[in-house]
Amino acid sequence: MIRFDRSQQWLAAAISALAGFVDAIGFVESGGFFVSFMTGNSTRLAVGVAEWSHAGLVAGAIILLFVAGVVAGSLAAARAARQRSGVILLFVATLLAAAGGLRLADQVVAAVACLAVAMGMVNAAVEGRGGAVVGVTYMTGTLVQMGQKMANALRGTGDGRWLPHLALWSALVAGAIVGARVTIGSPLAAYALATVGAAALGGRAIWAMRRA
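Heads up: the sequence shown runs through residues 1 to 212, numbered per my numbering.
Please note that the accuracy of each hint is not assured.
What follows is a set of in silico ranges between Cβ atoms, one per label pair, in the way DEER data are often shown [as the list claims (entries may be wrong)]:
hint : residue 1 : residue 2 : range
1    : 32        : 107       : 18 to 24 Å
2    : 166       : 51        : 32 to 38 Å
3    : 110       : 39        : 20 to 26 Å
4    : 196       : 10        : 17 to 23 Å
5    : 57        : 188       : 43 to 49 Å
6    : 170       : 107       : 31 to 37 Å
7    : 158       : 185       : 15 to 21 Å
8    : 196       : 173       : 30 to 36 Å
9    : 173       : 208       : 24 to 30 Å
Don't read these hints as lab results, they were simulated from the structure.
The beta carbon of each residue, even a glycine, is placed where N, CA and C say it ideally should be.
Using the sequences and the hints, build the whole thing.
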């Protein structure tokens with residue numbers, strides 16, 4: 001996060017909040033699987049294989065869909081160049097809208113599949129200096145970096161800027177809390193809010209780039 005300028009840090013935090021929101025939708029809708037946290041799904045895959053259970057197949061399928069989204073997002077980002085953030089987020093909004101439509105038709109499995117592709121794609125949305133890309137849908141690395149920066153701050157040496165990492169993690173957790181509450185109350189409302197959020201972020205990113 002520290003390699004990004006202030007506007008990119010805010011965008012990354014906003015996208016992480018969106019990712020947390022969508023991951024909560026996927027978790028509730030799928031009965032305990034993730035659409036953005038692939039470490040958790042990898043463990044579920046392993047346990048499912050060990051137990052010869054259906055859960056292993058579900059986790060494996062979601063992982064494949066997520067990776068497909070990453071590939072598609074990376075290819076789209078390369079073509080979009082400086083407009084990558086806005087373009088990727090609008091693609092994500094389209095996928096989330098499709099997921100909402102499928103959910104409206106009671107096609108929950110297909111809806112969750114769209115969520116997984118969207119969450120893979122959104123990781124290509126933010127690029128910083130030197131081609132650095134921040135993973136906005138998973139937080140293990142972020143928490144490790146935060147802990148390392150805290151240690152540096154306590155020692156008084158090295159880079160002690162840990163607050164940006166805390167902000168990124170906090171955004172995802174806050175988004176997940178809201179997403180879970182809304183999904184429990186009204187799944188269709190959750191899909192709609194996620195779609196509007198992604199579209200708003202995409203439009204804002206395009207406007208900011210054109211203004212710059």
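Does the Cβ-Cβ separation between residue 196 and residue 173 fall within 30 to 36 Å? Once the Cβ atoms are compared, 21 Å apart, the range 30 to 36 Å for residue 173 and residue 196 is violated.
Just to be sure I understand the hint, the distance between the Cβ atoms of residue 173 and residue 208 should be within 24 to 30 Å; is that true here? With a Cβ separation near 26 Å, residue 173 and residue 208 satisfy 24 to 30 Å, so the hint holds.
Per the hint of 32 to 38 Å, is the separation of the Cβ atoms of residue 166 and residue 51 within bounds? Cβ of residue 166 to Cβ of residue 51: about 37 Å, so the range 32 to 38 Å holds.
Taking 18 to 24 Å as the hint, is the beta-carbon distance of residue 32 and residue 107 inside that range? holds (19 Å)
Starting from the hint 31 to 37 Å, judge whether the C-beta atoms of residue 170 and residue 107 obey it. Between residue 170 and residue 107, where Cβ atoms are some 34 Å apart, the hint holds.
Could you tell me whether the CB distance from residue 158 to residue 185 stays inside 15 to 21 Å? Violated: the Cβ-Cβ distance is about 45 Å, outside 15 to 21 Å.
Residue 188 and residue 57 - C-beta distance against the hinted 43 to 49 Å: violated (27 Å)
When you take the CB atoms of residue 196 and residue 10, is the distance between them in 17 to 23 Å? holds (19 Å)
Taking 20 to 26 Å as the hint, is the beta-carbon distance of residue 110 and residue 39 inside that range? For residue 110 and residue 39 the Cβ distance comes to about 24 Å; the hint holds.
Hints 5, 7, 8, counting from the list given before, are not met by this structure.
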